[in-house]
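Sequences and hints are given; from them, build the entire structure.
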Amino acid sequence: MGTFITLTRRELAGHFLSFRGYVILAGVQFLLGLSLLLIVDALNNRPFDLPITEKFPSTGLFWLVLLLVTPVITMRTFAREKSTGTFETLMTTPVSDLQVVLAKFSGAFGFYLLTFLPMAAFPFILKHYAAVFPEVDAGPVASTFLGIALIGSFFIALGCFASSLTRSQIVAAMASFTLGTGIFMVGLLGEISPPTDTPLYAALRYISVLEHMKDFSSGIIDTRHIVFYLSLTAVFLFLTCQVIGSRRWK
Amino acid sequence: MADDTHDIPAPKPMIEVENLTKLYGNRPAIRDVSFTVGRGEIVGFLGPNGAGKSTTMRILAGFLAATGGTVRVAGHDVADASREVRRRVGFMPENNPLHSDMRVREYLKFRARLKGLGRQASRDRVDEVIEQFDLTDAARQMIGELSKGYRQRVGLADALVHEPAVIILDEPTIGLDPHQVRTVRQCIKQLAENHTVLISSHILPEVEVTCTKLMIFHEGRVVAADTPANLERTLGGQQRITVELEAEPGVLETAWEEMAEVEHYRITPAEGRYQRCRLTPRDGLDLRPEIAALARTRDWPLRELTRDRHTLEDIFVHITRKDED
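Taken in sequence, the protein lines are chains Z and W. Residues 700 to 949 in the numbering used here are what the first sequence lists, from first letter to last. Residues 85 to 409 in the numbering used here are what the second sequence lists, from first letter to last.
Worth flagging that the hints you see were computed from the coordinates, not collected in a lab. Where is the CB? At the ideal position from N, CA and C, for every residue including glycine. Take the hints with a grain of salt, since some may be wrong.
[Claimed, not checked] Lysine to any residue pairs mimicking SDA-like chemistry, simulated, CA-CA at most 20 Å apart:
{"id": "1", "chain 1": "Z", "residue 1": "Lys781", "chain 2": "Z", "residue 2": "Ile920"}
{"id": "2", "chain 1": "Z", "residue 1": "Lys781", "chain 2": "W", "residue 2": "Val265"}
{"id": "3", "chain 1": "Z", "residue 1": "Lys781", "chain 2": "W", "residue 2": "Phe194"}
{"id": "4", "chain 1": "W", "residue 1": "Lys232", "chain 2": "W", "residue 2": "Val265"}
{"id": "5", "chain 1": "W", "residue 1": "Lys232", "chain 2": "Z", "residue 2": "Ser782"}
{"id": "6", "chain 1": "W", "residue 1": "Lys232", "chain 2": "Z", "residue 2": "Gly784"}
{"id": "7", "chain 1": "Z", "residue 1": "Lys754", "chain 2": "Z", "residue 2": "Ile920"}
[Claimed, not checked] Chain W regions said to be covered by chain Z (calculated; three or more residues, Cβ under 8 Å):
{"id": "8", "region": "121 to 128"}
{"id": "9", "region": "144 to 158"}
{"id": "10", "region": "170 to 180"}
{"id": "11", "region": "195 to 209"}
Structure, rendered in structure tokens:
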């Protein structure tokens with residue numbers, strides 16, 4: 700456990716010790732700020748009585764953050780250590796593959812969550828400046844954050860997996876971006892295709908990240924979604940472990 | 085953990101390697117390598133790039149798994165008890181990779197913690213290795229800003245921080261200037277007092293001076309293993325002696341004829357009234373003291389007395405060429 704904490708702390712610190720980390724933070728804040736602007740604009744033009752959080756994913760900027768930023772956060776996890784050679788010094792200490800994979804994941808995931816932290820102020824900003832402001836429930840806000848965390852954990856795990864496959868950070872970022880966008884597109888397909896009764900359509904809806912986020916942002920916490928993301932995260936972390944362990948294959 | 089250096093009886097070798105083989109795909113990187121290393125030995129792995137030195141070291145350090153054969157370090161099998169082995173091995177890979185975005189002390193503490201030292205123990209050990217490798221001035225500097233000599237010392241300090249029984253250093257002096265090479269070499273010599281050390285190099289004089297035993301790798305095999313002196317003797321062939329003396333050629337001729345250890349000689353005039361003699365001693369003996377004594381008793385002015393040492397370089401070329409034939 701001590702080793703895991705040492706490693707995770709190092710991973711998290713690594714994000715703040717590079718210029719890249721601050722570029723990510725600035726970029727995410729810009730996009731999130733923009734989404735706040737769009738929400739305010741929507742409120743001004745067409746007052747609605749839905750939970751305000753539901754507007755958040757529909758601005759589309761969250762998806763931009765998810766698809767663009769998670770690969771950039773995760774690309775360094777393994778690829779960088781492999782290219783600099785520190786992967787070798789790391790793996791010749793008495794740490795287990797699982798500890799390393801979990802620590803890398805936790806570090807990246809922690810940084811991902813931190814980039815969303817300023818968003819917690821959004822309801823208060825709206826409340827403070829809006830003349831007439833619809834009630835903000837703590838519930839939908841919390842479930843929106845839960846959605847951000849769960850979907851993010853899957854994308855971060857995906858990115859770690861991609862990073863473990865290569866020693867080039869660019870290749871890692873492109874691979875996880877492609878995989879992530881592919882999954883997003885499947886969801887989008889479900890969104891834009893006309894509703895039918897076919898099992899294919901049902902399946903599309905079931906794995907649609909857009910659909911899931913819609914639920915989370917409207918305050919619905921569906922255990923199916925939670926299981927879906929946790930198990931996908933676990934699968935990709937398991938695969939990452941296998942890739943890391945593959946150097947010991949005979 | 086600290087006292088595991090005592091739980092193995094002394095005669096048992098520290099490293100036992102049997103029929104080690106590693107294939108990368110179908111290409112063998114090492115083929116059927118066997119050797120043992122005793123406690124306190126400094127063993128040098130010699131060979132050109134791609135001869136299998138690094139692969140062997142990576143397997144010993146628990147980074148790679150072998151395709152065949154067994155490796156035991158301090159009695160633990162690297163395949164079955166990899167973590168036990170890694171606890172006892174300090175490994176510095178080729179090119180000494182370090183986290184350039186960390187400070188020296190911070191990095192060493194991080195490494196000590198990874199290697200299982202407690203909070204206080206790691207603090208103490210980091211202070212000790214910083215002292216030992218003369219890093220006090222650099223302790224607060226970013227690793228990325230350090231000179232190569234300092235980086236190398238940080239790497240050595242890291243390899244040693246958890247007091248491992250075995251230290252494996254892959255090309256520890258590559259890319260250093262002669263002064264830094266000397267410092268690193270001295271560090272390595274010091275280590276041998278309490279540790280078993282493996283170092284690899286493709287620069288022969290480098291390992292010749294530091295190692296008690298040399299292993300020459302060629303195309304994935306160990307083609308020779310012995311002490312540097314023995315290797316030189318058995319493989320180096322005869323070593324000639326060059327003398328320049330001021331004496332009559334005829335007198336010198338009889339003198340060399342009388343000396344039983346001289347197998348063959350040749351006298352050529354040198355500038356001045358000196359004669360240049362090339363002597364081939366029997367069995368590679370070193371006749372220089374005898375020749376110096378002779379010159380003194382006969383009152384011959386002596387201006388050169390040297391022995392062409394067959395360097396390991398020659399040995400190496402000799403062995404590897406023979407292998408190719």
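Hint by hint, here is what the structure shows:
no.: 1; hint: Lys781/Z x Ile920/Z; verdict: violated, 39 Å
no.: 2; hint: Lys781/Z x Val265/W; verdict: violated, 27 Å
no.: 3; hint: Lys781/Z x Phe194/W; verdict: holds, 18 Å
no.: 4; hint: Lys232/W x Val265/W; verdict: holds, 11 Å
no.: 5; hint: Lys232/W x Ser782/Z; verdict: holds, 19 Å
no.: 6; hint: Lys232/W x Gly784/Z; verdict: holds, 16 Å
no.: 7; hint: Lys754/Z x Ile920/Z; verdict: holds, 17 Å
no.: 8; hint: 121 to 128; verdict: violated (count 0)
no.: 9; hint: 144 to 158; verdict: holds (count 8)
no.: 10; hint: 170 to 180; verdict: holds (count 8)
no.: 11; hint: 195 to 209; verdict: holds (count 5)
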